[in-house]
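Chains as they are written, first to last, in the working numbering: chain B, 58 to 220; chain P, 801 to 1057.
For the record, the hints were derived by calculation from the structure and aren't laboratory data.
Be careful, since some hints might not be right.
Unchecked claim - Computed spacing ranges between beta-carbons, pair by pair:
#1 P/Glu967 x B/Leu121: 36 to 42 Å
#2 B/Leu121 x P/Gly941: 30 to 36 Å
#3 B/Phe125 x P/Tyr830: 41 to 47 Å
#4 P/Pro837 x B/Gln204: 14 to 20 Å
#5 B/Arg90 x P/Gly941: 51 to 57 Å
#6 P/Leu831 x B/Phe145: 32 to 38 Å
#7 P/Asp1033 x B/Phe60: 42 to 48 Å
#8 P/Leu886 x B/Phe60: 16 to 22 Å
#9 P/Leu886 x B/Phe145: 19 to 25 Å
#10 P/Asp993 x B/Ala158: 54 to 60 Å
#11 B/Pro79 x P/Leu886: 24 to 30 Å
#12 P/Arg1008 x B/Pro128: 38 to 44 Å
#13 B/Val177 x P/Gly941: 55 to 61 Å
What the hints assert, rightly or not - Below, simulated DSS-like cross-link-like pairs (lysine-lysine); rule was C-alpha separation at most 27 Å, straight line:
#14 P/Lys1027 x P/Lys895
#15 P/Lys819 x P/Lys1027
#16 P/Lys895 x P/Lys819
#17 B/Lys81 x P/Lys895
#18 B/Lys168 x B/Lys142
#19 P/Lys912 x B/Lys168
#20 B/Lys81 x P/Lys990
#21 P/Lys964 x P/Lys895
#22 P/Lys919 x P/Lys964
#23 P/Lys912 x P/Lys895
#24 B/Lys200 x B/Lys81
#25 P/Lys912 x B/Lys144
Just so it is clear, the structure is predicted and the values come from calculations on it, not from any experiment.
All C-beta atoms in this analysis are idealised placements derived from N, C-alpha and C, irrespective of residue type, glycine included.
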Amino acid sequence: MTFSLLHATDFADRLLYNIVPPLKAGMIVLADRYTYTAFARDAARGVDRRWVRELYSFAVRPDLAVYFRVPIEVSTDRLMARRVKLKFYEAGMDMGWSSNAVESFRLFQGKVLDEYDRLVDEFGLSVVNATGSITEQQRTFRKLVSQHLEIADDDRQLDEPLG
Amino acid sequence: MTTDSSTSRLVEAAGAATKPGTYYGYGIPYLPIDGYPGKIIAIEGTDGVGRSTQISLLREWLEVQGYGVVETGWTRSELMQPTIELAKASNTLNKLTFVLLYATDFADRLEKEIIPALKAGFIVLSDRYIFTALARAGVRGVDRTWMRGLYGFAIAPHQVFYLKIDEKTLIRRVLQSRGMDYWESGMDMKIGDDIYESFRAYQRSLLREYASMADEFGFRVLDARRKVDVIQDELRRQIGAFLAEAEIPARPEDPRG
Chain B
58 MTFSLLHATD FADRLLYNIV PPLKAGMIVL ADRYTYTAFA RDAARGVDRR WVRELYSFAV
118 RPDLAVYFRV PIEVSTDRLM ARRVKLKFYE AGMDMGWSSN AVESFRLFQG KVLDEYDRLV
178 DEFGLSVVNA TGSITEQQRT FRKLVSQHLE IADDDRQLDE PLG
Chain P
801 MTTDSSTSRL VEAAGAATKP GTYYGYGIPY LPIDGYPGKI IAIEGTDGVG RSTQISLLRE
861 WLEVQGYGVV ETGWTRSELM QPTIELAKAS NTLNKLTFVL LYATDFADRL EKEIIPALKA
921 GFIVLSDRYI FTALARAGVR GVDRTWMRGL YGFAIAPHQV FYLKIDEKTL IRRVLQSRGM
981 DYWESGMDMK IGDDIYESFR AYQRSLLREY ASMADEFGFR VLDARRKVDV IQDELRRQIG
1041 AFLAEAEIPA RPEDPRG
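Next comes chain P alone, as it looks inside the complex:
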């Protein structure tokens, strides 16, 4: 796919340079978000790094402290989830429609879940964010500038934690839990018929994509091979420091103040 990259804004204003809580690119003109009190904290990482475990522990910890917490996750939009499942099952997806369906799902969750939550002062814990889409598209050879322009309607999170893992540990974890599936193995990329080799090659290129985004988007990198509670402690330390600084009033809707 080719595209005229000279017109894109996002790359100039890209990633880490974008102020947290503002749009990466052109944004959504009919939804101004300036001054919304909520925060977005994104946990990124490939399959099997323990994102959901960490998020549920974080949620509990934040709620105990009186914060309002909303969770959002990849392809969980009400509008798009059935369509995406159907399209995946029917093998009619090509890389472009794949990318656009994911973007639609994200847009739906952004407008219906994330932005309203930010407005109301919630902490949005995002299980994966746009970086998953950028990595998957990058591996499939979709134009990088175009992808970043496409996600110019996304809001830069206040913190992005990247749970980094190596290929070997990842393979063992996935095999121990639910096994390798067609899409996670990148079988659509026709690397080969052997699902193990395909999974390995696909996940290796995904890890490279994530690594290349770490600087671009200011990832906070955590070693996902460590124990769950060690990672959780580190997350709490960094998130706690950020929230203390941001001075979010605890539970603004609580009448007792």
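If we strip away everything but chain B, and leave its shape as in the complex, we get:
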């Protein structure tokens, strides 16, 4: 619970200082992770799904939410290849499921991925297959974003008198 609430506090702070002002100014906000991360991670930790959703009801619903999906093996392999030390909470070590960090990561992130799959339907997330190359992913991603932005907006802005 405290883990969940601390993240919500941090999110509320960023929302009010870094997200809402640029939105009001008509800018595009690129958010690396959003409330869905909390929904997936907190539910994987056993927090009530409905409670987390209501908790974050103060958040602005994004115009486009993209989920980069990878199977658990791929994400474990990628992390291992970078030889990074798995972070305690990232690996879900707090759950006490395994004293082996890699094993714990696999178990915990597996649950997190299951939660994401649930979110895809619930919130209509756009899924990008993240097993492909960066270039492929970026192309798909750009297509999704440009479809959403409709370049016509730029023209409208140019039509406004400079005053």
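Since chain B is already given, all that's left is putting chain P on it; use the hints.
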């Protein structure tokens, strides 16, 4: 702040209708608390009503009778107290982060102090409970439904005593003791530059918030203007009657039984 209130459960299951010792709302799924023998007794009220005096007297009285007693109080969590003090001092708090920091503090104490104590059969004396958070947020215009949903992980106390005071007495007591401080005066709400006027306006709206919760959460209202021992006698009478009925075995860990 707006929120979709149609989805919230807590309001339906709210307050006084919630069975004492159970979660108000969705609860904490990984911590089932059914059948825990301990009790929560909360003492609520604004600043300067004498909560801590009453609690220390109660503690002594209960312990003499052989009950195990644990005290918990607002923003006393080990995890959050330094953060909250820092955030208060740096003026970067807005009402939403304020509310969430308090909730985090409460969650920490609930998981680490209150629930383990209930499990072990202790009486938890709570100096303020979630109602303080609800009142402060209510005064600041935070959505009521959302607030009640947020605290859906809290456990309904077995008894809530509300030490009720009037504005005039409250002001005199606070001035006699430690004086008015920035937060207790609601200076963050920018009611005005005058701390006295701000304190008065802020505490008056707080008192209104508490009053509106009395029915919702089944407060036992006590007149806090009376003498300390008169209030204490009344508390002991009501708590004693409740405990006798609940038949808590005195000091279960005592080998002499």
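Status of the hints after comparison with the structure:
At roughly 51 Å, the beta-carbon separation of P/Glu967 and B/Leu121 lies outside the given 36 to 42 Å, and the hint is violated. Between B/Leu121 and P/Gly941 the C-beta distance comes to about 31 Å, which sits within the given range of 30 to 36 Å. At roughly 29 Å, the beta-carbon separation of B/Phe125 and P/Tyr830 lies outside the given 41 to 47 Å, and the hint is violated. Range check, P/Pro837 to B/Gln204: about 60 Å between beta-carbon atoms, so the 14 to 20 Å window is missed.
In this structure the supplied range 51 to 57 Å is violated for B/Arg90 paired with P/Gly941, their Cβ-Cβ distance being about 29 Å. Remark: the range hint 32 to 38 Å for P/Leu831 to B/Phe145 is contradicted by a beta-carbon distance near 21 Å. Distance hint for P/Asp1033 and B/Phe60: a CB-CB separation of about 44 Å, consistent with the stated range 42 to 48 Å. At about 19 Å, the CB distance of P/Leu886 to B/Phe60 agrees with the hint of 16 to 22 Å.
Between P/Leu886 and B/Phe145 the beta carbons are some 23 Å apart, a value that agrees with the proposed interval 19 to 25 Å. A hinted range of 54 to 60 Å holds for the C-beta pair P/Asp993 and B/Ala158, which are about 55 Å apart. Between B/Pro79 and P/Leu886 the C-beta distance comes to about 27 Å, which sits within the given range of 24 to 30 Å. Distance hint check: the CB atoms of P/Arg1008 and B/Pro128 are about 56 Å apart, inconsistent with the given range 38 to 44 Å.
The hinted window of 55 to 61 Å between B/Val177 and P/Gly941 is violated, with their beta carbons roughly 35 Å apart. Under the criterion of a C-alpha separation no larger than 27 Å, the hint pairing P/Lys1027 with P/Lys895 is inconsistent with the structure, at around 36 Å. With a C-alpha separation of about 32 Å, the suggested pair P/Lys819 and P/Lys1027 falls outside the 27 Å cut-off, and the hint is violated. Pair hint P/Lys895 plus P/Lys819 does not hold up; C-alpha atoms about 30 Å apart against a cutoff of 27 Å.
Taking the CA atoms of B/Lys81 and P/Lys895, the gap is near 20 Å; set against the 27 Å cutoff, the hint holds. Our distance criterion of 27 Å between C-alpha atoms is met by B/Lys168 and B/Lys142, whose separation comes to about 20 Å. Our distance criterion of 27 Å between C-alpha atoms is met by P/Lys912 and B/Lys168, whose separation comes to about 25 Å. Straight-line distance between C-alpha atoms of B/Lys81 and P/Lys990 comes to about 24 Å, which keeps the hinted pair within the 27 Å bound.
At roughly 25 Å between alpha-carbon atoms, P/Lys964 and P/Lys895 fall within 27 Å of each other, so this suggested pair holds. A hinted pair counts as satisfied when its Cα atoms are at most 27 Å apart, and P/Lys919 with P/Lys964 does not qualify at roughly 31 Å. About 26 Å separates the Cα atoms of P/Lys912 and P/Lys895, which keeps this hinted pair within 27 Å; it holds. Using a Cα cut-off of 27 Å, the hinted pair B/Lys200 and B/Lys81 holds, with the two alpha carbons roughly 25 Å apart.
Restraint check: the Cα-Cα separation between P/Lys912 and B/Lys144 comes to about 24 Å, which is no more than 27 Å; the hinted pair holds.
Going through the hint list in order, the structure does not satisfy hints 1, 3, 4, 5, 6, 12, 13, 14, 15, 16 and 22.
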